[in-house]
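Listed here are the chains, written in short residue letters.
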Amino acid sequence: MQSKSFDVVVVGSGFAGLTAAAIAKRQGLRVALVSTGPGSIALGPGWLKAEPFGPSSDAAELSEAMAFFCELTRQAGCPVAGDVANPRPIPNYLGSCESVAFAPQRLWNAAGDDKASTVIVGIRGLSIFDESFMAERLNERAKAAGSPDAYTARQIALRRDFGIPATVLQIATCFDRDAAFRAELIEALRPAASGFRRILLPGILGLHSSDWLLAQLEAELGCSICEVPTLPPSILGLRLFHRLQSYLHSSGVEVFSGFPVHSLQVGKEMCIGVDVTAPGHPLTLHGESVVLATGRRSVPLLAEPIAGCDPLMRPLDATGAVMAQNLFLAGTLAHSAAGYRGDTMRILSGYRAGTFAVTTRGAYAS
Amino acid sequence: MLGVNPQYPGPKRLGPELERLRREGVPTDTEWLEYCLGCHRCDLACPHQVGVSEMIAQAKARHHKPLIRALRDWWFARPGLIGKLSTILPALSNFGLAMKPARLAMSIFMRITPLRSFPEYRWGKAQKPISGGGDRPRVLLFPGCSIRYNEPELGGKVVELLERNGFSAEVAETECCGVPAMANGNSGVAQSLARANVKLLAAQVDAGVRIVTACSSCGHRIKTAFGGVLDEDKAFGSAARRIAANTFDLAELLMEQSDAGKLDTAFQPTNFRLAYHAPCHQKSQGIGRPWFHLLRQIPGVTVEDLDAGCCGISGTFGFKQEKYNASMAVGQQLFDGIRAAQAEFVTTECATCQMQIEHGTSMKTIHPAEILLQAYRPAAKGAESDSVLEEVPARMC
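Just so you know, the protein sequences line up as chains A and B, in that order. Going by my numbering, the residue at position 217 of the first sequence is 217; the numbering climbs one at a time, nothing skipped. Going by my numbering, the residue at position 291 of the second sequence is 291; the numbering climbs one at a time, nothing skipped.
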């Protein structure tokens, strides 16, 4: 078995890269996933906003791509659900609302329109999340809209000392590793939640927790838990990223994480190598197909600026010629080249690039 | 560390955030610097390649410690010196280091935990190459302190493995790589060790010899040009970079042979389950997971890549009395992973990870090179599946 040659090499682990890698893996191919660090998912709030369709969108194909992505998240233990055409408002930590198309269950809970009264619970020392401010803003909004929704702010103190100010990362890491802390947190939440059917919390419930674990906590507490993403990188974005990346890893994708790609070897209209910066000497990976999904960072990887992409998502130079027959663009790169906008469109571009990388594989091999 | 010590400020704060203040001369010295494990995971997590761990290491070198700990760390920064002294009369050293009253005294006067056993010291030199070279590519094993002073026979096995797979190999007589010196806040020692090693290796590398390491920490140190400690000296700095570019992890080199179809795959079929732990300094080399792929080529071996985080010992860190509990708590996730893997034994290429795993799980933990080499040998009479286990030297747990 070759350790550095793959059927498909995907560069970038945001929405587009992970989707493309999953598509290729589903076909039973050998896939490498190369990334500098956590991608766009980890920097986001863990939900996917409703974006207007880009010029190259196709409603049916977008639904197909999103169905694939939702199934992927389900297998990864963090099911994301929603509807492209039916976005719903979810409150953010500033008490405004965002129009969201797809989100995990613990985020959808916050969008519930069952007219239930809601308690917003802050944690002493976690100054990044201000429950009173959030409740005040949401109540003002509800009043203005003539809605019967009512929000109450409460604060709890944790026995464990996280210092002041505490960070969501400290609490989430502790949540992941320590079952006693999880129990302690539930006990602290119980009195605050009493009398309410819905509890809003800052996103702290673990960097790796599965949906199953969170549902269990919800059952123990006896009311629905809604997590509110804090400033990036939010725990919810990180959780979605971690679960997807480790799922792909466990299903056989070789993950090369932590090192940037510093160049692409392109010759005779073929991408023949992906050079990864590593201590001492570069690591060169070879792929019959290469998917480039590294956001703006990857533009300098190609000798010329990308002027657009062809119907197979391959980059075009200023003369309209395909730069490399086996190189496919996805994510923000495809956005700048062909108008793929927003998270759902990134997934669509990853879905397309991954599909073309698989179907054309070997067709252009010299 | 964050998971077990909730107040730990984390690498972002200890590194870049405090660095701005440090550069402005604001006093920011904090005891938390001492709790950085030097695992380099922060460097991997940063999408902008900020050298977080190096900032922390430099700040750690300026951190003020109480005298008793400063004295202990003086010794811990010099495993090469300890090794040289201990191997004069290894039997006596091992006896002394295992004696309960001695350990109690060390605990009181040096703040070294009595709960761990020291590695045994052995005197020995690796055998000269059998092949005599010829036109095979030449490689030089950088043994590191562990092979040099504790497991010289492993050095011989690594040489044998390399010889068997198309190389002409020798063991170098190098100094400590400097990882323990930096971990104990002594950048001066790290620099002089780097200089000594560059003097020993530069001519070899310039003559086309590749350096190979069987210890991932030494490997990471050399590949980063000894953490860049010689960068200000033009001649030494560029020699260190040349050495870095020509240094390979043992598995990286063997996997290169495997990819080229040149690996000797005459492995004897066997039947056992293996749990592989990739040390942090292996992950931070950016070479993929070559041991995992190599070990899987042995027919009948099932390898589980544990992927359960840091073991927590971080070289000398886990031997420090005040840090012992944190060290064990960090490793808990890995210990749980090992138990869940239900493997016959554990393998990892880092000597201190091996110590920690054996201490935390009481499971036999060995270097993957030993397993690969053993797999070439026909099974012992009547004991097919356990041949690897039997021939591996017993280690004190």
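Read the hints as simulated data drawn from the structure, not as lab findings. A quick note: this is a predicted structure, and the numbers were derived from the prediction, not measured. Check before you lean on any hint, since a few could be wrong.
Stated by the list, open to error - Using 25 Å as the maximum straight-line C-alpha spacing, the simulated SDA-like pairs for lysine to any residue come out as follows: (1) B:K12 with A:G37; (2) A:K49 with A:R182; (3) B:K12 with A:S246; (4) A:K143 with A:P87; (5) A:K49 with A:G342; (6) B:K12 with A:K143; (7) B:K262 with A:P282; (8) B:K12 with A:R341; (9) B:K157 with B:K12; (10) B:K12 with A:G342; (11) B:K100 with B:F345; (12) B:K234 with A:K143; (13) B:K364 with B:H293; (14) B:K157 with B:Q191.
The hints, checked one at a time:
Taking the CA atoms of K12 (chain B) and G37 (chain A), the gap is near 15 Å; set against the 25 Å cutoff, the hint holds. At roughly 30 Å between alpha-carbon atoms, K49 (chain A) and R182 (chain A) are farther apart than 25 Å, so this suggested pair is violated. About 23 Å separates the Cα atoms of K12 (chain B) and S246 (chain A), which keeps this hinted pair within 25 Å; it holds. Pair hint K143 (chain A) plus P87 (chain A) holds up; C-alpha atoms about 22 Å apart against a cutoff of 25 Å.
Of the pairs offered as hints, the one joining K49 (chain A) and G342 (chain A) holds, with about 7 Å between alpha carbons and a cut-off of 25 Å not exceeded. A C-alpha spacing of about 41 Å is found between K12 (chain B) and K143 (chain A), which places the hinted pair above 25 Å, so the restraint is violated. Restraint check for K262 (chain B) and P282 (chain A): satisfied, since their Cα atoms lie roughly 22 Å apart, inside the 25 Å limit. The suggested pairing of K12 (chain B) with R341 (chain A) is violated, with an alpha-carbon distance near 31 Å, which exceeds 25 Å.
Proposed proximity of K157 (chain B) and K12 (chain B) is contradicted: the alpha carbons are some 41 Å apart, above 25 Å. For a cut-off of 25 Å, the pair hint linking K12 (chain B) to G342 (chain A) is broken: about 29 Å separates their Cα positions. Straight-line distance between C-alpha atoms of K100 (chain B) and F345 (chain B) comes to about 29 Å, which puts the hinted pair past the 25 Å bound. Note on K234 (chain B) and K143 (chain A): the hinted pairing is violated, with a Cα-Cα distance of about 70 Å set against a maximum of 25 Å.
Taking the CA atoms of K364 (chain B) and H293 (chain B), the gap is near 21 Å; set against the 25 Å cutoff, the hint holds. With a C-alpha separation of about 30 Å, the suggested pair K157 (chain B) and Q191 (chain B) falls outside the 25 Å cut-off, and the hint is violated.
The earlier numbered hints that this structure contradicts are 2, 6, 8, 9, 10, 11, 12 and 14.
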